[in-house]
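4 protein chains.
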Amino acid sequence: MKRVLVLTGGGDCPGLNAVIRAIVHRASQEKDWEVIGSIQAFDGVLKEPTEIMVLDEKAVQDIHALGGTIIGTTNKGGPFAWPIKNKDGSWGEVDRSDEMIRKLQYMGIDAVISIGGDGSQRISQALFEKGMNVIGVPKTIDNDLSSTDFTFGYQTAVQIATEAVDKLKTTAMSHNRVLVLEVMGRYAGWIALCAAIAGGADVCLIPEIPYDIDKVMEKIESRYHKDKGYALIVVAEGAKNINGELVTKKSDEVGYENLRLGGVASRLVADLKEAGCPYDMRETILGHLQRGGSPIAYDRILATQFGVKAMELVLEEDFGKMVAYRHPDIIAVPFTEAIAKYNFVEKDSALVQTGRGVGICFGD
Amino acid sequence: MKRVLVLTGGGDCPGLNAVIRAIVHRASQEKDWEVIGSIQAFDGVLKEPTEIMVLDEKAVQDIHALGGTIIGTTNKGGPFAWPIKNKDGSWGEVDRSDEMIRKLQYMGIDAVISIGGDGSQRISQALFEKGMNVIGVPKTIDNDLSSTDFTFGYQTAVQIATEAVDKLKTTAMSHNRVLVLEVMGRYAGWIALCAAIAGGADVCLIPEIPYDIDKVMEKIESRYHKDKGYALIVVAEGAKNINGELVTKKSDEVGYENLRLGGVASRLVADLKEAGCPYDMRETILGHLQRGGSPIAYDRILATQFGVKAMELVLEEDFGKMVAYRHPDIIAVPFTEAIAKYNFVEKDSALVQTGRGVGICFGD
Amino acid sequence: MKRVLVLTGGGDCPGLNAVIRAIVHRASQEKDWEVIGSIQAFDGVLKEPTEIMVLDEKAVQDIHALGGTIIGTTNKGGPFAWPIKNKDGSWGEVDRSDEMIRKLQYMGIDAVISIGGDGSQRISQALFEKGMNVIGVPKTIDNDLSSTDFTFGYQTAVQIATEAVDKLKTTAMSHNRVLVLEVMGRYAGWIALCAAIAGGADVCLIPEIPYDIDKVMEKIESRYHKDKGYALIVVAEGAKNINGELVTKKSDEVGYENLRLGGVASRLVADLKEAGCPYDMRETILGHLQRGGSPIAYDRILATQFGVKAMELVLEEDFGKMVAYRHPDIIAVPFTEAIAKYNFVEKDSALVQTGRGVGICFGD
Amino acid sequence: MKRVLVLTGGGDCPGLNAVIRAIVHRASQEKDWEVIGSIQAFDGVLKEPTEIMVLDEKAVQDIHALGGTIIGTTNKGGPFAWPIKNKDGSWGEVDRSDEMIRKLQYMGIDAVISIGGDGSQRISQALFEKGMNVIGVPKTIDNDLSSTDFTFGYQTAVQIATEAVDKLKTTAMSHNRVLVLEVMGRYAGWIALCAAIAGGADVCLIPEIPYDIDKVMEKIESRYHKDKGYALIVVAEGAKNINGELVTKKSDEVGYENLRLGGVASRLVADLKEAGCPYDMRETILGHLQRGGSPIAYDRILATQFGVKAMELVLEEDFGKMVAYRHPDIIAVPFTEAIAKYNFVEKDSALVQTGRGVGICFGD
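Protein chains in written order, with our numbering: chain A, 5 to 368; chain E, 5 to 368; chain L, 5 to 368; chain B, 5 to 368.
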């Protein structure tokens, strides 16, 4: 019996379970393969006692429609930078990668499929260089990876954010308010950009295009004067103004994010007040609602494609690669290439042009 | 031609448009009645120039499926307490009720249907006592009126809050976190209670049942020890602990709410940390998302029933009353009785017992 | 250890799982009670080998959000009329009730909670009269039981039907068509009535109000002439015209329904053509889509209330009763009374008056 | 003032309104352009009196979230094959293209944007060859055009079909049934294929892969024997068996489709019965529900991109082209090239391989 270990790392993302289910279904078509799930990413292997679960067809029945991941996930550092509490109570880290490889051998694992973001793929590459048979599956709800057309979870997040814009619009209209919606996107503004276009927002602020508060104010005024009587602003959590100011809170706590949720929205409202905005303003922070719930069909399909392809790469013993989507194909990209370049929104890209075409102000 | 003036006051609420549409459709069956909408509640009548719109069938086509209100609304004080800026820049108020009645006579208005909350109904009563032909339609998304079985908008808010619990659950599970969801409910905890039952939350904190943080902590621990590995808390914005502490921010700004959004959730997380909660905790504030979007069928129907009944009371000249739902009938209640008593969650009510029956901790 | 056996009978209905979960959670608060689920209603007990499953908290985790029933259901006849194949291949029935009672005793079952419709409650009563400790939980997606204000599943079906009307409306409008939507309701027209009001349909045809095709045609013409240019008709599957004609297909097959899906919609379109309808017409049959999917919050709550109450009646040994909702309480009604009277739509009820108030034509 | 005429032809499709809104918003950024909508495709121009509407920003406010098309559409033949009733009552056709061009000149139309399918694009090409300034926007909910990566409306249809599979699954499970869902796809099986993968169906039958009923039966049996106890089949309306049999009904009525809705599902159930299927089977026909309702974010964005690009081509006077999506760009393709090739599902394409990878049976 051959064994493939599957793990999910980083923040949860709609579609993770569909990847897991696809791996299991594909493996079940082979006589001699068994799928093992490691609980909470590398924790499942490194923690004592080992926390794993056998993943057969029954275990993954209908999970493709569920958000989250049935094998758990963690934002912690991984085997090369395992968090450890120092004697003085502060946190340090230690390299446990050799120990992990030994443990995997002891467990009879022939290959590992690591589903995770940026950080997870770097760990995968390092483990591959140490001799492990690793396949990567990209996971970034922010869609900020340039080696694949899209990543799963992203379209679900866009859909949820768009529905939020739809909902806020009726309140904005009824009360003649300026409503600010803060969505995910620390470095890449894709979700904000798409939700703004799909929801028909007036202003869209993203990390890639620093905003001038006066330009934003101008747009709001024109909205009110054109008798529309309200304005909708979608802002990515990593948006910054032309002075480069960003609402960041450096944190040295393990597993905590650096950006305060709602920080950008609050700041923007404060900035607008200072810039003389006379209208009633309210903010809404989507937060964790963007990650949860059932993935939309698009993401279930993409995730299923990734899962099947990952297992096929395992069967072909074509390791050291990450699966990727290049329409209409699913391909395999070497780790080195896979994580070489981020996918940021460019100022003159087709989508931004579309946004400008329907009158969205980007603050520039 | 006879004229009925319709206005919507207070915070927006799913179903307002369905009430308006029903009034117009019922009126259109009479030969000699015309419906006029006043923009932004009493503002439409009192502001110069008068802001009104004729509401015919075309104007209300398909609006029953839309959130918000097509005639706008406001949280301002109404004709008896019209906000006015004093010379020193502070805000005072002035009684403009007589002026309003004169204006309505001048406009040829025969009756007024006032759709609004608590405050609006009190104004309606006072105007009725001054001789105006007023019918009231209750609007409180919090469902805190005892003279009617239910109010429209409430079930939509419960549905939205429940879907939020569903979404947060997958993240809580995947990350082994304690997730806190703050929902509406300043004085009455109905939305929180229902969302907790419908979503399968572990803890539900409402204004009517002051919570003991140690009891909450105990429940969380039992959840983690029972191998569930996560906990979900639904908290109403007006929840307070057994010391009576509440996160309130008195505000003297016109039209601003007194409670800071997210105040309760933040405080609860802080309290739990202090009480020794060792788990990763995150908070989500539903905020304005609860008010927006298309009303669910239940609320569209109830709102339509209220609208038809209100217009029928106008036709029967049975003024000074508010429509109400007493299953399965729609009745008319005198204003004096209509707003006499609030509808709070009682500790030993059927719903709370149901909650306890499925293991929900109310912190008591 | 005491044992309560739970079973679900008749057509599936959103909320069944929420009842099951509530029973299990309530039972788990008692030291000495165990919940057993019988697979496929009474089949689980009567079939060899016995098909049952232990229902603990883990088994029912999060099932309240799922449609269907985790213990399966069947439309077959039950222990008093067990289907049996005669030698000539035809189907007969046999009374296996005594055998079932013996088997339950053998299995150490102290009480039975039977969740099911009309037929199931009659069986429950008969078993109770034979000495079994039975509690009933009503299940009828058609809401046609007079002893309870509402039954679970019904509001979800109304919501699904309303969303279908919303969807069909945009197509009707774009193509200037008459669209016919057939929904559930063989004897009671509640779902059609509510979906018509909530969706803003023009015509609503239900079993309780026989329709005159000329009245329907008149309404359609007035819709087209008023420049609306399209019409929406919601029809219950049991609707009949004033000649008493109904599309029924008697079937002697076990477990098959007597009404052909789509029969009423097709007939109506044919009738309209014959009556001279010059417009393009299309029909849509909701069918099984109405039963499936996640129950809305309203139904999850009602189902949870029923489940907790049912288990409490077991604990109080107050048998021979069915739980029921009488706002705002959950009560227990003796079986004899519980199933004595159906709940039909009355021609002059508040809801029908509301429908007429917004211009809906009932064909009378 | 320059004028661009916009029209929508063929079956309605989620996203049409988003295209229209985008054209209007983009045009409103130019000083001297006006957008005119032709009602019911070419009918609006050819019928007397001319039926057009001026499309300004107010007219298109928030329509991107609505299904259907605010300017109406028709399935009729277009100016080159205008339907005409012969003296004997039968239908013939007549070429009114010259008349239409004269009328457009008379109306002062400088350019036409024609949003429509296959047929509409051919008409656009022919009109362009006759000297008209035409830009095409592709519309095919079936996604069967090879010159663009995707068309709008398609992902919404896939999402609706997937939600239907999700709903049917709980009923199938609860009753141990075989459920058949018929979805759109007369020539191309994309919707069925994607819904089957996203919904986790067991069998998927599409026009491109003729099915062997015995293979389907085999798969169903394996599902029942593996203790899953139910099966889900998604079938495209144009699916045919290996004998090439298809449920077609030739129709000579203007504007009627050739395939009977539900024909394939009924035939499949009959075929399965004949092949010895012992299980309870039920069919559901999605029909018009797939076309209606609010487009998902994905389609709103793609449609908005198409609209902005179409208007930009008008401004650049780059006529005779159809807009298309080639990730991540929006490009312009000459009409001749645009409609040269269909986009069918290939047996060995990535998506079909994914389907096989998760165990879906295609009947081959």
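Fair warning: there could be bad hints in the mix.
Since the list gives no way to pick one copy over another, a pair counts as held whenever it fits inside one copy or between any two copies.
Within a straight-line C-alpha distance of at most 20 Å, the following computed DMTMM-like cross-link-like pairs (lysine to aspartate or glutamate) qualify [said to hold, decoys possible]:
no., residue 1, residue 2
1, Lys-223, Glu-61
2, Lys-223, Asp-66
3, Lys-223, Glu-34
4, Lys-232, Asp-60
5, Lys-107, Glu-38
6, Lys-80, Glu-97
7, Lys-134, Asp-322
8, Lys-35, Glu-320
9, Lys-91, Glu-316
Calculated directly from the structure, the hints in this document are not laboratory data.
Hint check:
1. Proximity of Lys-223 to Glu-61 under the C-alpha cut-off of 20 Å is restricted to the inter-copy arrangement: shortest distance 16 Å between copies versus 54 Å within a copy.
2. Taking identical chains as interchangeable, the C-alpha atoms of Lys-223 and Asp-66 lie at most 20 Å apart only when they sit on different chains, with a minimum of 18 Å there against 47 Å within one chain.
3. Taking the shortest Cα distances, Lys-223 and Glu-34 sit within 20 Å of each other only across copies (17 Å), while inside one copy they are farther apart (60 Å).
4. In this assembly of identical chains, Lys-232 and Asp-60 lie within 20 Å of each other by CA distance solely across copies; the values are 13 Å between and 56 Å within a copy.
5. Proximity of Lys-107 and Glu-38 under a CA criterion of 20 Å is satisfied intra-copy only: 17 Å inside one chain copy versus 41 Å between copies.
6. Proximity of Lys-80 and Glu-97 under a CA criterion of 20 Å is satisfied intra-copy only: 10 Å inside one chain copy versus 57 Å between copies.
7. In the homo-oligomer, the alpha carbons of Lys-134 and Asp-322 lie at most 20 Å apart inside one protomer (16 Å), although the nearest pairing across protomers, at 56 Å, exceeds that limit.
8. Only within a single protomer do Lys-35 and Glu-320 lie at most 20 Å apart by alpha-carbon distance; the minimum there is 15 Å, versus 54 Å between protomers.
9. For the identical chains of this complex, Lys-91 and Glu-316 are neighbours neither inside a copy (46 Å) nor across copies (53 Å), given an alpha-carbon limit of 20 Å.
Checked against the numbered hints given earlier, this structure breaks only hint 9.
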